[in-house]
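The listed protein sequences derive, respectively, from chains A and B. Quick note: the first sequence uses the working numbering, first residue 1244, plus one each step. Quick note: the second sequence uses the working numbering, first residue 19, plus one each step.
Since the hints were derived computationally from the structure, they do not count as laboratory data. The C-beta atom is built at its ideal place from N, Cα and C for all residues, glycine as well. Heads up, some of the hints might be wrong.
Straight-line alpha carbon distances no greater than 20 Å define the calculated EDC-like cross-link-like pairs of lysine to aspartate or glutamate that follow [claimed, not checked]:
1. A:K1329 with B:E533
2. A:K1329 with B:D535
3. B:K87 with B:E132
4. A:K1269 with B:D633
5. A:K1334 with B:D539
6. A:K1288 with B:D539
7. A:K1329 with B:D259
Computed Cβ-Cβ distance ranges for the label pairs, DEER-style [to be verified]:
8. A:K1329 with B:D633: 24 to 30 Å
9. B:T186 with A:K1288: 53 to 59 Å
10. B:D413 with A:A1325: 46 to 52 Å
11. A:I1245 with B:P286: 36 to 42 Å
12. B:M349 with A:I1245: 44 to 50 Å
13. B:A626 with A:E1306: 44 to 50 Å
Over the 12 Å line for every Cβ pair with chain A, so calculated as not near, a few chain B residues [as the list claims (entries may be wrong)]:
14. K130
15. Y156
16. W337
17. D529
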Amino acid sequence: MIQEINTEEYEGMGQTGPMMVEFYSKKCGPCKMLAFVLKDIDKLKPDFKIFTIDFDENQALKERLGVTGFPTMLLMKDGTEANRLKGLQQKPAIIKAIEEIM
Amino acid sequence: MSNKVTYTSQDHLITSQNKAEKAFLAEFEKKEYTLEDPLVVENPYLINPLCALVMFKTDSAVTATITVKGKRFAREDLNHTFQAATTHILPILGLYAEFANTVVISLADGSKKEITIQTAAIPADVCKCTSISTSADYLQDNFMFLTPAGKNQPTAYDYKGDIRWFLTENTMFDIKRAANGNILTGSSRFCRMPYNATGLVELNMLGKINKEYRLPGNYHHDQFEMEDGNLLILTQDFHRDTCEDMCVLVDRNTGEILKSWDYKTFLPQDVAGSGSQDAHDWFHNNAVWYDKPTHSITLSGRHQDAIVNINYDTGKLNWIVGDPEGWPQEMVDKYFFTPVGDLENFDWQYEQHAALITPEGDVMCFDNGQYRAKKKENYIPNQENFSRGVRYRIDTEKMEIEQIWQYGKERGQEFFSAYICNVEYYADGHYMVHSGGIGMENGYASDKLGAFLKPNDPAAEIRSVTVEEKDGIVRYEMETEGNFYRAEKLTIYHDGDNATFEPGQLIGKLDVTPEFDTLPDVEAVDEQPDTWHNIIIEEDEDRFVFHGKFEPGTMVMLCLEGEKQSHQYFVNTSAVFHLAMCSGAFLEEDDRDVKMNISKEGLKGKLAIKLIINDKKYDTGIAVFCP
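Next up, chain A with everything else stripped away, as it sits in the complex:
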């Protein structure tokens, strides 16, 4: 499942279990490509939650989470960051990181 959320929605949602939070920018080519990669991953792992957040429109949240660039993927488990992938990554690297928190 891929869902775009904002800061408010992030704060309000339950963060139990594994999930990914991806910070992207509309001005970023690698982010656009990563969107297709995540779409493919979503087909392979439909039960895994992927949330996307606009880097430019959620300043306070990205600062609080220490996200300094885009794309950045935070792999979270029960509300705690377990791993972080920076930059455009290929499917095997992302799937490996997801499986590590499943």
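Could you slot chain B onto chain A? The hints should help.
Relative to chain A, chain B alone:
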């Protein structure tokens, strides 16, 4: 479909040179050329406009001496005598530009022929000498060869600062004379940003490339010829997330990689970073040197402010010269040196280049001094900084280090080079210090690397200063326009074969260009990309280079589609900030211009080139053929 895509196909320079050589040798066989009526071929290998070949036959084997007459007086004449032969194919080197050069060919039997070779003016992108102070007595028949750090050209200057050799190909990085008299330097062929070339080239002074040694991880910065002729070459593995952290030993004849050293096996990557370090370019290896007495390799790592020595066979760390601050204590205790002697004048080197081991076992380098501290709060601004050549004596038993010579600190910011440069050791007390990366803005040392300064900006000065000191006296100082990576003093003729006529060879191999495994599901259109993108596809024998202009943030993918196979490559259009730019040869004026090298390694057949730009897949109308 209108033609909105530019496509060029060209031979590798080696192929072009082989064809040119075959043509002039065939011409030479067409009639009996004699001393009186020789065949003169100007710029025979297409890339050195200041040379020629003079060809003729004699009835009996005689030695021939050529004299390239000096511009002013006989003291400036260049002379070289060739071995006795009946077929004479004589390289004429070191011609003056835009000048009617007089060349005299004298045979041992007393006969003589004088010819005139008129040369063209120096192109605008060749950097001129702006001042020189030396003498013909000191420089003898040597020229100072400078290798470019940007879009300038490899160029050699005589004792008056006159340009006597340059290549129209932008070969780059180190230049060293091999044991056979040829020179070894970086290829001009772009492979990966910021400055990775396809490989190393061995060429003679005529500009003929005898071999290009291609490497899967490309070539950068430096190489070293071993006693058996094999080559240590600096490279990397592009299939991992770091760069400039590997060295390979390459077979001189076949180009095969015989041995490799991976610095991650003996150095931590996340300690003691210099001011220019990032996680990707954590070491930034810019020099390699083999020392026979200790059977060890010395490596300079700009981004750890460290000169590292390893055992050749085992790859195990022997010692590290550098400021120990920031390194793990157990490494400091085991591998670092304690300064002794005149501590008041002792300085560690920072972001250094061109480390070497002298015959006495001392360590020399060009200490750029960029930041001149390990902690950010202690960084020295470039305007208050200095660069220098330095020689350290090390005692590997006591682990003590003494600074026994330096040149440059006293000159302050006017001699400061934040990047590139080298030193040379000629004898005890006789050195060269090449500060080739000087960049000033408004009269002060710039905070930008010279490669990023605009040559046409009236506030900017970009220059290169090369100094030779003998027994404490400066015997040579030359200043040129532009930045130059290294300087090397060489005679233009040597005692070996100054010209050979076997076909040049392209050996070794490039890697398979990494592909991207996700293909975006976008609409395919029967159109070419808009002219604004200025798509250029340059096909070569072993690769092609894709050029295009894209606004940052555009999603771009290059797709190769064939009947039996397809390949896809992500093209990054993000603006990239480079902390190192040792050669700006491949830098584009407009940072929206991107280029990507695709190796033909691993590709087969006819492949149509398609281009995804955001939500559409365009057909460039171009296909490449991969044998």
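Hint check for D633 (chain B) and K1329 (chain A) - Cβ pair distance inside 24 to 30 Å
26 Å, holds
Minimum Cβ separation between D529 (chain B) and chain A greater than 12 Å?
17 Å, holds
Next pair to validate is K1288 (chain A) with D539 (chain B); report whether the Cα-Cα distance is within 20 Å.
19 Å, holds
With a cut-off of 20 Å on the C-alpha distance, tell me whether K1334 (chain A) and D539 (chain B) pass.
Given that 20 Å is the threshold and the Cα spacing comes to 16 Å, the pair holds.
Distance restraint evaluation - M349 (chain B), I1245 (chain A), Cβ atoms, bounds 44 to 50 Å:
Taking Cβ atoms as reference, M349 (chain B) and I1245 (chain A) lie about 46 Å apart, which means the hint holds.
Assuming the hint says 53 to 59 Å, is it satisfied by the Cβ distance from T186 (chain B) to K1288 (chain A) or not?
55 Å, holds
Given the range 36 to 42 Å, decide if the beta-carbon distance of I1245 (chain A) to P286 (chain B) lies inside it.
The hint (36 to 42 Å, Cβ to Cβ) holds, given that I1245 (chain A) and P286 (chain B) are roughly 38 Å apart.
K130 (chain B): least C-beta distance to chain A exceeds 12 Å?
67 Å, holds
Please verify whether K1329 (chain A) and D259 (chain B) have alpha carbons no more than 20 Å apart.
12 Å, holds
Are the Cα atoms of K87 (chain B) and E132 (chain B) separated by 20 Å or less?
10 Å, holds
Holds or violated: K1329 (chain A) with D535 (chain B), Cα cutoff 20 Å?
With Cα atoms ~18 Å apart, K1329 (chain A) and D535 (chain B) stay inside 20 Å; holds.
Beyond 12 Å from every chain A Cβ - status for Y156 (chain B)
The claim stands: Y156 (chain B) keeps its Cβ more than 12 Å from every Cβ of chain A (closest is about 53 Å).
Hint compliance for this structure: no hint is broken.
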